[in-house]
Structure formats: C-alpha cells, structure tokens
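Participant: What follows is each chain in one-letter form.
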Amino acid sequence: MIIQALRRVGSKGVSFLDTFGASGMFLFQSLIAMPNLRNSFPLLVKQIYSVGVLSLIIIMVSGLFIGMVLALQGYNILARYGSEQALGQLVSLTLLRELGPVVAALLFAGRAGSALTAEIGLMKSTEQLASLEMIGVDPLRRVIAPRFWAGVICMPILAILFSTVGIWGASLVGVDWLGVYSGSFWANMQDSVQFTDDVLNGIIKSVAFGFVVTWIAVFQGYDAVPTSEGIGRATTRTVVYASLAILGLDFILTAVMFGDL
Amino acid sequence: MSDSNSNFIEVRDLTFYRGERVIYQNVNLDIPRGKITAIMGPSGTGKTTLLRLIGGQLKPDSGTITVDGENIPDLPRKELFELRSRMGMLFQSGALFTDISVFDNVAFPLRVHSNLPKDMIRDVVLMKLHAVGLRGARDLMPSELSGGMARRVALARAIALDPDLVMYDEPFAGQDPVAMGVVVQLIRLLNDALGHTSIIVSHDVEETASIADYIYVVADGEVIGQGAPDEVLNSEQPRLRQFMKGLPDGPVPFHFPARDLTDDLLAGVDK
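If you're matching them up, the sequences are chains A and B in order. Mapping to our numbering: the first sequence position 237 is 237, numbers consecutive. Mapping to our numbering: the second sequence position 150 is 150, numbers consecutive.
It cannot be assumed that every hint is accurate.
[As the list claims (entries may be wrong)] Derived contacts from chain B toward chain A, CB cut-off under 7 angstroms, selection only:
#1 G55
#2 R84
#3 S85
#4 V112
#5 F172
#6 G174
#7 Q175
#8 A179
[Stated by the list, open to error] Derived contacts from chain B toward chain A, CB cut-off under 10 angstroms, selection only:
#9 Q57
#10 P60
#11 L96
#12 F97
#13 R111
#14 A158
#15 F256
#16 D260
Please keep in mind that the hints were generated in silico from the structure rather than gathered at the bench. Each residue gets a CB set at the ideal place from its N, CA and C atoms; glycine is no exception.
Build the full structure now, drawing on both the sequences and the hints.
Facilitator: Structure follows, in structure tokens:
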C-alpha cells in the first residue's frame, strides 16, 4: 500500500518535472532569435489586439465594480472610527499593491489565456501547425512567440487600467455618493502612495503574472491532445494552473516586496 | 545532385513504431526524380506517416531517408526548414490557415520564401487558383469552402512555390467527378511541365493508376508490390490482386486485428 502510494507520488512528480522541463524548452525555443522586425511586428500588433484590446471591456468593467465595492465596504468600517477621509488611501493601496495585478491577471487568464489555448490547440488538431512546418516556417516563432510577447506586454497595461478605473469608481462612490470630502480623499491618497513601493511593485507583479499566464496558455495549447476533448481539457488546465500560479506567485512576490525579508 | 536519372528520395531499411505497433519494418523505397510515384495500400497502413517521415515531422526508429542527397533524420532544424521550402505538401484535411482568406493562404509560402513584389505575387496566386478552378473564390475564408474546394485551395498552396517535390495526401478524396478529372490531369500536367517529383498517397485505384508512373503498394508494414501501373494492376500475386481489384475476400484483412468473432461474442462482458 505505502510503497504503491509512494510510487504513484514519485511517478506524478517525475511526469510533472518532465512537463515542466518540456515547457521550459518550448519557451526557450520560441523566444531565442526573434526574427526580423519587419515580418514579426505586424503579427505582434495583431496579437496585442486580440489578447489586449479585446480584454479591455471585462477588465475596465470589473475594475470599476471592484473599486466601488471597496469604497462602500471601506467607508462603512472607516466611518465607525471617524476616519472616512482615509478612504482614498485604503482604496488606492489595495488596488495598486494587490487587487489590480491579481484580479486583472485572473480575468486575463480566463478571457485571453483560455482563448490562446483553444486557438493553438485547434490549429494543432486541424494540422495548421504541421502545414506551417511543411511550408518551412517554424510555428514556434510564427505562432507562439508573437502571442507570448503580446501577453507579457498587455498584462501590466491592463493591470494599470484596472487600478485606475477602480480608483475612479471608488471616488464616485466615496466622494460623490457617500460624501467624503474630495480634498482629503485625494490628498490622503497622494501622501501615502509611493511610486517605487506601490505603483512600481504592482507593475512588476503584473509583468510576472503576464509571463506565467501566457506561458501556461501557449504551452497547454501546443501540448494539447488534438481532439475536441483534449482541447477542452487543455483550456480548463490553462485557467486552473494559471489561477493557482498567480495566487502562489503573488504570495511569494508580496513576501519579498512588502514582508521585510 | 544534377544527375537526372538518380532517385530524388531513397528510403533504406526504414523501421518505425507507433507505440508498440509496427508501422514499417525494414522498408526500402525509391522515388525517381521527375516522375509520379504512387503509394497505395489499405487504410491505416501508415501511408500518411510515410509522407511525414519524408517531410521530417516524424523521426524513424532506424533507417535512412535521403531526400536529394540529404539524410532527413540527421538534418539540423535550420537545414530541415530550408529543405522543406523546396517541398510542397497537400494535407489530407487541407490544413488551410483559417484566419486568412483563400488568396492569402496561397500567397503565404510566396511571401515567406520569396522577395517577389506585390503585383507579381498577386499574378502567381491568381494563376495557381485559376488552375484549380477557384480564382473566383479568392476572397472567401476557408470556413466558407466545402471539403473538396478546401483541398483544391490547399493544392494551389502546395504548388505555389513550384517546389521540387510535391506530396499529395489523398488528393482525390471528396472531389466531384468533374473536379476529380481536373485534379488528376492537373497533377500529371504540373509534373510534366515543371519537372518536379510527385508522390501521391491514395486508395483510389483507377485514378491513381491512370497518372502514376510507378506504384508501391504497402500493407502490414512492408512493400507488398511495386511496378508500373499495368504490372501492378495485372499482378497475380494474391494480396496485390485483392487490393487492386477491391475483392472482399483474400489475404488482405478488412478487419482490424482482433480475436476470433465467435470467441469474442461468447466471452460476454469484459470484467
């Protein structure tokens, strides 16, 4: 019994490391030697549109609601201690340090990551990747690399927009509706938010999340079993793995950035 | 390799397994330069696999595959991709790029591998599409095409660069009688006019025999017969005769390997 359980854990571990190594090699091969700019730039722009621009609506709307909810909840608690003018500080720090990068990345994984996996998986099952190879074009550079870079570029921009819209939503609720004095709302925010500590760290987080989410998404698509069931599973795996990776990585990054280690 | 009599492709002692299953066991094949060679055989004998081995998308377990003097399994990635730009392949499913139009699909290899000006690319693409009867369909997206039309667009794409070697995987499947006749003629015509080497994988005996110069019949992981179409068609060898004439009974199995039917039925539900 115990031996068998150990064996199962061992083989799971080995196969995990195997996949991890394969995905590392895959990423490395996609990214070495970016081909000439004239050909790859239009491909990158197209991917930035489909990965980034098309994610704008869900990111902005979610940001707005998160900001509004934060302001409502925060106001109720702060008002108990008579310090509702600290609302701006509360909302902006929460969004810039944590919720902006994390929630935007989770939404990004669901919206863009799953789409990337499904698209690449379907290209594989319809032999489009194989026919690219036979035409003499490396699908890793032609299909994978532009999608990967688009994800890494778009993620921090989306996270910044998320936080910005969130803060605006908080001011709508806090200042315009609940009547917090706007001077203290913004002045408190300005006093407490540091560019390097808060804004920059948030951006660093979202770059890391963008890297991990897109990596998982493109690899799962490329590695998918080329059947309808296989692509369905790969898409699910992208969302699950990416979400777990975001939350785990967020803890590590937070510990390094704000934990005084 | 300027010798026009030499073989364009030489396959020696090729062995290939898919999992535990033997696909090829010590197979030898020659594909002569400038000719149409047909590879025929029952479904599931690995005819498509052979094309993928020649294209370097699969690696054999042992043996050599020499294309124009270069051993494919040993070629580094970069050289392999260069060699592939001289090959055209028509995939069974067509495998058109679904995010771009018919015109852009055919133009794709030209844009990647040549520095031709735009208007010249346009002329070449329209000529290739005209040859397969789909010049008027150039603005359609692949999802708007029928299966047979998609395969003809893929054919136009495969020959866009006038490659030295064209591999056709089931070019006749899904074509109506008119299109079938045109495609058959087109393959012959292209081969003679451009002097490239063609490989056709098919199990349409009649059409294939009418244009091929040489036929290999593969089954059970080996070459069971070869020769000019007449020789193969009129062969008295039992396995060959059965396949070429399409007879239901004979040594070529119709059934996928399984145990005896009676045993199977009497065995009841598997535990």
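Participant: If a hint holds in the structure, say so; if it does not, say that too.
Facilitator: Verification of the hints:
no., hint, verdict
1, G55, "5 angstroms, holds"
2, R84, "4 angstroms, holds"
3, S85, "4 angstroms, holds"
4, V112, "6 angstroms, holds"
5, F172, "18 angstroms, violated"
6, G174, "15 angstroms, violated"
7, Q175, "19 angstroms, violated"
8, A179, "21 angstroms, violated"
9, Q57, "6 angstroms, holds"
10, P60, "17 angstroms, violated"
11, L96, "8 angstroms, holds"
12, F97, "6 angstroms, holds"
13, R111, "9 angstroms, holds"
14, A158, "9 angstroms, holds"
15, F256, "19 angstroms, violated"
16, D260, "31 angstroms, violated"
In summary, the structure is inconsistent with hints 5, 6, 7, 8, 10, 15 and 16 from the numbered list given earlier, while agreeing with the others.
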